[in-house]
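Q: What follows is each chain in one-letter form.
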Amino acid sequence: MNNYIFNQTLFILFFVAFMLTSCAKATLTVLSPAEINTKDIKNVAVGGFEIGQILLKYKTERNGIWKTHPVLLNEEQQKSISRSVRARVINLLTATPYFKVVFTDEFEKLENDAALQQLVSVRGYKTQNVDAVISGKLWLEIERTDGVDLSKEGLEYFRPRSRSSYGLNLTVDQVVWWPYKSTHGTLGLEIKMTRLLPTEVVATTFETRTYSQKIGGRTVESFQQIAASFSSILASSKPSKTDTIETSEDVLPSFEQIIADLALSIASGFVRRVAVTEKTVSYSIADGNFENAKILIEAGAFDLAIEQLQLATADNPDPDDLYNLGLCFEAVGDYGLALTTYREAWQSDPENLLFAQGLGRIERLRREHPQLQRQLESR
Amino acid sequence: MKLILLKIMLNPEKRKSDTAAHFRALVFFCLCATFFNACAPKVSFQIERPPVQQVENINYIEIGNFEIVSGQIKLPSAVESGSNSSLWTSKNLLKPTISKFTAKKSVPILIADLVRAALVHELSLQSPYQLINTTGEETGFSGVLPDPGKVAVLHGKVKYVEQIFESEENLPYFTNIKNKGATLEQSLLASAVSMGAEASGAGFLIATPYVEQIAALEVEFSLLRKSDGENVIPPQNFRTFFVRKWGGAPETSHLAIQIKNAVLKNYQQNETLSESFLSRIDRAGLSFTNPTEYFARGFNLRQNAHVPQTSLDLKITLGRQVARKYVKQISPYHETAELLVEDGNSVAVTLIRGNAYQEAIAFIQGMNERTAADEYNLGLAYEAGGEISQARKHYKLALKQDGNNEVIKAAVNRTQI
Numbered sequence: 001m002n003n004y005i006f007n008q009t010l011f012i013l014f015f016v017a018f019m020l021t022s023c024a025k026a027t028l029t030v031l032s033p034a035e036i037n038t039k040d041i042k043n044v045a046v047g048g049f050e051i052g053q054i055l056l057k058y059k060t061e062r063n064g065i066w067k068t069h070p071v072l073l074n075e076e077q078q079k080s081i082s083r084s085v086r087a088r089v090i091n092l093l094t095a096t097p098y099f100k101v102v103f104t105d106e107f108e109k110l111e112n113d114a115a116l117q118q119l120v121s122v123r124g125y126k127t128q129n130v131d132a133v134i135s136g137k138l139w140l141e142i143e144r145t146d147g148v149d150l151s152k153e154g155l156e157y158f159r160p161r162s163r164s165s166y167g168l169n170l171t172v173d174q175v176v177w178w179p180y181k182s183t184h185g186t187l188g189l190e191i192k193m194t195r196l197l198p199t200e201v202v203a204t205t206f207e208t209r210t211y212s213q214k215i216g217g218r219t220v221e222s223f224q225q226i227a228a229s230f231s232s233i234l235a236s237s238k239p240s241k242t243d244t245i246e247t248s249e250d251v252l253p254s255f256e257q258i259i260a261d262l263a264l265s266i267a268s269g270f271v272r273r274v275a276v277t278e279k280t281v282s283y284s285i286a287d288g289n290f291e292n293a294k295i296l297i298e299a300g301a302f303d304l305a306i307e308q309l310q311l312a313t314a315d316n317p318d319p320d321d322l323y324n325l326g327l328c329f330e331a332v333g334d335y336g337l338a339l340t341t342y343r344e345a346w347q348s349d350p351e352n353l354l355f356a357q358g359l360g361r362i363e364r365l366r367r368e369h370p371q372l373q374r375q376l377e378s379r
Numbered sequence: 001m002k003l004i005l006l007k008i009m010l011n012p013e014k015r016k017s018d019t020a021a022h023f024r025a026l027v028f029f030c031l032c033a034t035f036f037n038a039c040a041p042k043v044s045f046q047i048e049r050p051p052v053q054q055v056e057n058i059n060y061i062e063i064g065n066f067e068i069v070s071g072q073i074k075l076p077s078a079v080e081s082g083s084n085s086s087l088w089t090s091k092n093l094l095k096p097t098i099s100k101f102t103a104k105k106s107v108p109i110l111i112a113d114l115v116r117a118a119l120v121h122e123l124s125l126q127s128p129y130q131l132i133n134t135t136g137e138e139t140g141f142s143g144v145l146p147d148p149g150k151v152a153v154l155h156g157k158v159k160y161v162e163q164i165f166e167s168e169e170n171l172p173y174f175t176n177i178k179n180k181g182a183t184l185e186q187s188l189l190a191s192a193v194s195m196g197a198e199a200s201g202a203g204f205l206i207a208t209p210y211v212e213q214i215a216a217l218e219v220e221f222s223l224l225r226k227s228d229g230e231n232v233i234p235p236q237n238f239r240t241f242f243v244r245k246w247g248g249a250p251e252t253s254h255l256a257i258q259i260k261n262a263v264l265k266n267y268q269q270n271e272t273l274s275e276s277f278l279s280r281i282d283r284a285g286l287s288f289t290n291p292t293e294y295f296a297r298g299f300n301l302r303q304n305a306h307v308p309q310t311s312l313d314l315k316i317t318l319g320r321q322v323a324r325k326y327v328k329q330i331s332p333y334h335e336t337a338e339l340l341v342e343d344g345n346s347v348a349v350t351l352i353r354g355n356a357y358q359e360a361i362a363f364i365q366g367m368n369e370r371t372a373a374d375e376y377n378l379g380l381a382y383e384a385g386g387e388i389s390q391a392r393k394h395y396k397l398a399l400k401q402d403g404n405n406e407v408i409k410a411a412v413n414r415t416q417i
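Quick note, the sequences are listed as chains F and A, same order. The first sequence: position 227 = 227 (my numbering), numbered continuously. The second sequence: position 95 = 95 (my numbering), numbered continuously.
If we strip away everything but chain A, and leave its shape as in the complex, we get:
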């Protein structure tokens, strides 16, 4: 679709009938595409996942001390395992070059405060814990404090490196004159020559402005029982990275190329999706189907991806990423998953497809005989409801009946604790 559109956009001078035909085809194509997308029977599972770590006998969380510490932030694991030889030799490196992240203690306390705020937000909305104190002040609500044996104090040690380069690089611009009367081969050749010349650095060198933001955040969280100061779960360490450039040549960077690739691949994959074409239409549609929601989600605010974000934005994004990762460790969370339903008892399958897992469990439990598929579906309903050990039990029972089924094997592996 994009291709046809582009083609039409680029050649508006084409004959009218031709354009009209294109549009007719396009409209037809769009109709079909929307039809298939919108009405396909999709089974999406809204499932509850248990916390990754076992937190026992804790009902309350108190926010302790979030402090800035200095030290080295380990590079993304993909870089460490790779060879370091080509790390410094790339010609696309801009100076000064960043090849490691050394956090200093002099970083403003702001980042630690933002990590705390993001963490408290997640804990307050997503976790079963009652928060006693959210700002880490010593005072607290005296007089109403619960049993200290059930209170955990959450501390954080924050390492943060942020480099924002606002600068210029000399980029070659090879200008040329094309004769429109030339044949297609000739004009293609001309553009190839021009591109080749630019790549090799020929042409006018002109100072081209750019902004590049590079940041790394590492936080070590520790959860201590208030009564005895013991670790409730082992200290958890999370890091996240960011790199993005606005303007200038897209291939050059201040960050060593291997690190940059690892960061883009492992930490920034979901970003580009948010600004996609369809999501913009969805947003615009929301403005009259649900104006309250439209305002509440900030869709009325203009967003232009070509404007570099502020440093506050950067800090909040990274802080949130780390906070989300940690909260999953200590609290159950919901997620959408694509799981396969086996072709068992049709009533049970209907219930699972309708996301009615509790009903499905009750129904399958009440059946006299259960096939491997039914047993698997029972496990699925348990898994979707967040009861992983029960799910595993039934997946295993299913595997006993049908030892060769790959779907069941995958399910057993998935639910290993």
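With the rest of the complex left out, here is chain F:
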């Protein structure tokens, strides 16, 4: 049995190792353009988060009879939930270098979107130096269930053979009740960014996150157990604070904890859309003449690599080196230069798929981020 567990771990490690190393591509951290064009927006103020729905409830189930007990929240409690969600968004925005959050409650005090529109239209705001206002609306529903699963299980009875008897090896079916507690939370958050001058809705996003957890209940099937062990092995390999009680597998998080986790996730999603972000990709690096370039690129030292490659390709424009140079430009977000350099590489070796892929990547970025088109055309 020990051997079996050992083998299972070994197999998982093997598999993971292979997943990480398969394909001879380098993993690079490159800049990814903002999905939403926030050019010229530096100072943002955060308005209020309107409440679409907040619903918290407890459910119980015994012998198939379900009962629901909603948690009654007064207006102040609802507002406090909305403020805690808003605080998460502000937290993340202040952490990004692209925006400066102007702390004012002028916009937060407004009752709803209509009031904000009114204020912006007549330019009735007093706070100066604000380029845009972020406002939101939230919908929340969390339920906690206390119930019982039902299943038929085979219980094995075993008595070894002895001198006096033939021994016994029986499986007896039995209906088993498995008590469980579970929770399911859903948060929908609409975040809107309005530019003040000229007045326009820069972008609106509506994101949803869900959280569901169950403790107790019927044990999962063996195949799912493997999947779970995969995740836990991978998760435990990084240093984390997940060993606290709040995030333990065996404890259901509180309503506040769920709201906080959901809001944090949506807020980071929003920040990713409006800010230039770093993303990890695996692109192939060409085997150029200039071997140091490969090491520099793999280490993420793109600026130094650009410098060296520009010198190297000035005398001897080797297409592989040119491609690597393009890759560096792409990684630092200079897509115009990346395109020209990729094209140069491709023209020297038009049947090289790698070079065509470089061109293709820039084209795709241009198609999917129309604001980049303007940036490229201005070159």
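Keep in mind that a hint or two might mislead.
To be verified - Residues of chain F placed beyond 10 Å of chain A at every Cβ, according to the derived structure:
#, residue
1, S80
2, R83
3, Y125
4, S254
5, Y283
6, E291
7, A299
8, D303
9, Q308
10, V332
11, L353
Claimed, not checked - If you want the footprint, here are the derived chain A segments under chain F, 3+ residues with CB under 8 Å:
#, segment
12, 103-114
13, 158-169
14, 309-317
15, 341-350
As the list claims (entries may be wrong) - Computed Cβ-Cβ distance ranges for the label pairs, DEER-style:
#, chain 1, residue 1, chain 2, residue 2, range
16, A, H306, F, P198, 29 to 39 Å
17, A, G403, F, T27, 45 to 55 Å
18, A, P146, F, N316, 53 to 63 Å
19, F, N74, A, E230, 12 to 22 Å
20, F, A299, A, R414, 38 to 48 Å
21, A, R414, F, E249, 42 to 52 Å
22, A, H306, F, L155, 14 to 24 Å
23, F, K181, A, N176, 23 to 33 Å
24, F, P70, A, E230, 38 to 48 Å
If you are wondering where the hints come from, they were derived from the structure by calculation, not from laboratory data. Heads up, the beta-carbon is just placed ideally off N, CA and C, and yes, glycines get one too.
Given the coordinates of chain F, assemble chain A onto it according to the supplied hints.
A: Same frame as chain F, but now just chain A:
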């Protein structure tokens, strides 16, 4: 692979050497499988599709009124065409039975608001239109309003039916005693008897809890020009459905079986894929290759498919589905498609395979002579870039040169406007 795994999981008491051999085989198999999957030269096309409807001379969109209306929601088309005779006679029906969706006006406004939010999200991120107003309030940003001839106002009429059953059904449990010393035939026979007995309703009847969610959403969108109130495109009507059960017997339902099958087949096909084994590994891997992305996409949040979703979840899912369908009607969109590249000029083929469509177009246009394959590839590059009429023109030219080519014929049919 699943089979071998299951086998090993189920028989841990087997001899060690046997298990080890299984694992060795399994590891080898996994290595091969990953190798083939990961490094195969796959051509995936990221293409831009034009809007389904022609929207002319509109640069701005204003959100108008999203209201709840009452009325019948038409059943999925697969049900309507089929015979209705067996609709009510199935023994797997639970009471009360749903056989049609009648929307009432008293449904909370919440669903209309969620449809609006989902729609605004899609329009803001996917469409070329500038949004003027996103909440449908009357105020708007006065003083900066553009020419009303270029503004379209989007209205929606929402019909929604939602039924969540939290109840119990009596299920038979036939318990039995198996002797492990029995031969394989005997034990198989015993389990067959037990299953048969349960199916016929013998055994203990025990109240088994379940939750079943059934919902239908229909939205009629209309896009009116602000200056004259005329329809910019004809009103569009979209519906979507949902049915799922947690606990209880999987085959029983409150929804008539034909409708249930049609809904599962036409509206919920992609769902099961998201929770697959490999996607879980991918997610776990992301936690250390890209932690920001991992958090932003919510992969740190636990998801247990055995816990019924909330009613808010259900509404948002349906609202999004309808909104996505509508936005495709009025705005260009991107999608991944599997299209065949013909064996033409190798440089052009390389460019297309590298997804560099603009370069490919420029290159093929510059060629002196073009074969049918080159002409087809030119069409392909245009199609991938979203220029369907140009694509069709070149597909047709290709077909002139090679009239029997099935791939080209399919391409011409595909690009019919």
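Q: With reference to the structure, classify each hint as holding or not holding.
A: Hints and how they fare:
Even its closest Cβ contact with chain A, about 20 Å, leaves S80 (chain F) beyond 10 Å, as expected for a residue assigned away from the interface. Look at R83 (chain F): its CB is around 20 Å from the nearest CB on chain A, clear of 10 Å, so calling it non-interface holds up. Its beta-carbon lying about 13 Å from the closest one in chain A, Y125 (chain F) satisfies the requirement of being farther than 10 Å from that chain. Non-interface call for S254 (chain F) relative to chain A: holds, since the shortest CB-CB distance, roughly 14 Å, exceeds 10 Å.
Here Y283 (chain F) stays apart from chain A, with its beta-carbon at least about 12 Å from theirs, past the 10 Å limit. No beta-carbon of chain A is positioned within 10 Å of the beta-carbon of E291 (chain F); the least distance is around 24 Å. Non-interface call for A299 (chain F) relative to chain A: holds, since the shortest CB-CB distance, roughly 16 Å, exceeds 10 Å. Here D303 (chain F) stays apart from chain A, with its beta-carbon at least about 22 Å from theirs, past the 10 Å limit.
With 10 Å as the threshold on Cβ separation, the claim that Q308 (chain F) sits away from chain A holds: the shortest Cβ distance comes to roughly 26 Å. For V332 (chain F), the shortest C-beta to C-beta distance to chain A comes to about 18 Å, beyond the 10 Å cut-off, and the non-interface label holds. For L353 (chain F), the shortest C-beta to C-beta distance to chain A comes to about 5 Å, within the 10 Å cut-off, and the non-interface label is violated. For the segment 103-114 of chain A, the stated coverage by chain F is satisfied: 3 residues place a CB nearer than 8 Å to a CB of that chain, which reaches the threshold of 3.
Note: the segment 158-169 of chain A has 4 residues with beta-carbon separation from chain F under 8 Å; the three-residue rule is met and the coverage holds. Interface restraint, the segment 309-317 of chain A with chain F: holds (6 residues with C-beta to C-beta distance below 8 Å; minimum three). With a cut-off of 8 Å between beta carbons, the segment 341-350 of chain A has 3 residues touching chain F; three or more are needed, and the interface restraint holds. A hinted range of 29 to 39 Å is violated for the C-beta pair H306 (chain A) and P198 (chain F), which are about 51 Å apart.
Between G403 (chain A) and T27 (chain F) the Cβ separation comes to about 49 Å, which falls inside the hinted range of 45 to 55 Å. Against the hinted window of 53 to 63 Å, the Cβ-Cβ separation of P146 (chain A) and N316 (chain F) comes to about 55 Å, which satisfies the hint. The hint said 12 to 22 Å for the Cβ distance between N74 (chain F) and E230 (chain A), and at roughly 48 Å that hint is violated. Under the hint 38 to 48 Å, the C-beta atoms of A299 (chain F) and R414 (chain A), about 46 Å apart, fit the expected range.
For R414 (chain A) and E249 (chain F), the Cβ-Cβ distance of about 49 Å falls inside the hinted range of 42 to 52 Å, so the restraint holds. Distance hint check for H306 (chain A) and L155 (chain F): the Cβ-Cβ separation is about 23 Å, which falls inside the suggested range of 14 to 24 Å. Distance hint check: the CB atoms of K181 (chain F) and N176 (chain A) are about 32 Å apart, consistent with the given range 23 to 33 Å. Between P70 (chain F) and E230 (chain A) the CB atoms are about 46 Å apart, so this pair conforms to the stated range of 38 to 48 Å.
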